[in-house]
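S.K.: Residues in the sequence shown are numbered from 46 upward in steps of one, following the working numbering.
In short, the hints are calculated from the structure, not lab data. Quantities reported herein were computed from a predicted structural model and do not represent experimental measurements. Watch out, some of these pointers could steer you wrong.
To be verified - With a straight-line Cα cutoff of 25 Å, these simulated DMTMM-like cross-link-like pairs (lysine to aspartate or glutamate) come out:
id	residue 1	residue 2
1	88	59
2	88	65
3	100	59
4	100	65
What the hints assert, rightly or not - Distance windows between CB atoms, simulated:
id	residue 1	residue 2	range
5	71	104	23 to 33 Å
6	49	78	26 to 36 Å
7	80	106	34 to 44 Å
8	81	106	40 to 50 Å
Glycine included, every Cβ here is placed at the ideal spot set by N, Cα and C.
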Amino acid sequence: MSARRILKKSSTFEYRLAQEAVNLRQQASGMPPGIRRMELLRKARQFDASAEVNKWLTSPGLQPPI
Numbered sequence: 046m047s048a049r050r051i052l053k054k055s056s057t058f059e060y061r062l063a064q065e066a067v068n069l070r071q072q073a074s075g076m077p078p079g080i081r082r083m084e085l086l087r088k089a090r091q092f093d094a095s096a097e098v099n100k101w102l103t104s105p106g107l108q109p110p111i
């Protein structure tokens, strides 16, 4: 049985999602219009949506999204 690796997270999950979205948008900005660029932008929007869902799920009181 292998030992489980425990990594200390240096930043919050929401921050890491936001950073990845920024990185993807920067990559996309340097690319010509096309399928790969659209995929990068779609992935960035998914990271933004994931951050919003995470914020909603971890908020006290669990208020429904507006």
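S.K.: Is it true that the CA of residue 88 sits at most 25 Å from the CA of residue 65?
M.R.: It holds: about 9 Å lies between the C-alpha atoms, which stays within 25 Å.
S.K.: With the threshold set at 25 Å, check whether the alpha-carbon distance from residue 100 to residue 65 stays at or below it.
M.R.: Answer holds: residue 100 to residue 65 is near 16 Å, not above 25 Å.
S.K.: Indicate whether the distance between the beta carbons of residue 71 and residue 104 respects the range 23 to 33 Å.
M.R.: holds, 29 Å
S.K.: Could you grab the alpha-carbon distance between residue 100 and residue 59 and see if it respects the 25 Å cut-off?
M.R.: OK: residue 100 and residue 59 at ~7 Å, within 25 Å.
S.K.: Take the C-beta atom of residue 49 and the C-beta atom of residue 78, compute their distance, and say whether it sits inside 26 to 36 Å.
M.R.: violated, 45 Å
S.K.: Quick one: are residue 81 and residue 106 within 40 to 50 Å, going by C-beta?
M.R.: holds, 41 Å
S.K.: Evaluate the given range 34 to 44 Å for the C-beta pair formed by residue 80 and residue 106.
M.R.: With a Cβ separation near 42 Å, residue 80 and residue 106 satisfy 34 to 44 Å, so the hint holds.
S.K.: Taking 25 Å as the top limit, are the C-alpha atoms of residue 88 and residue 59 close enough?
M.R.: Holds. Residue 88 to residue 59 sits at ~15 Å (cutoff 25 Å).
Of the numbered hints given earlier, the model fails hint 6 alone.
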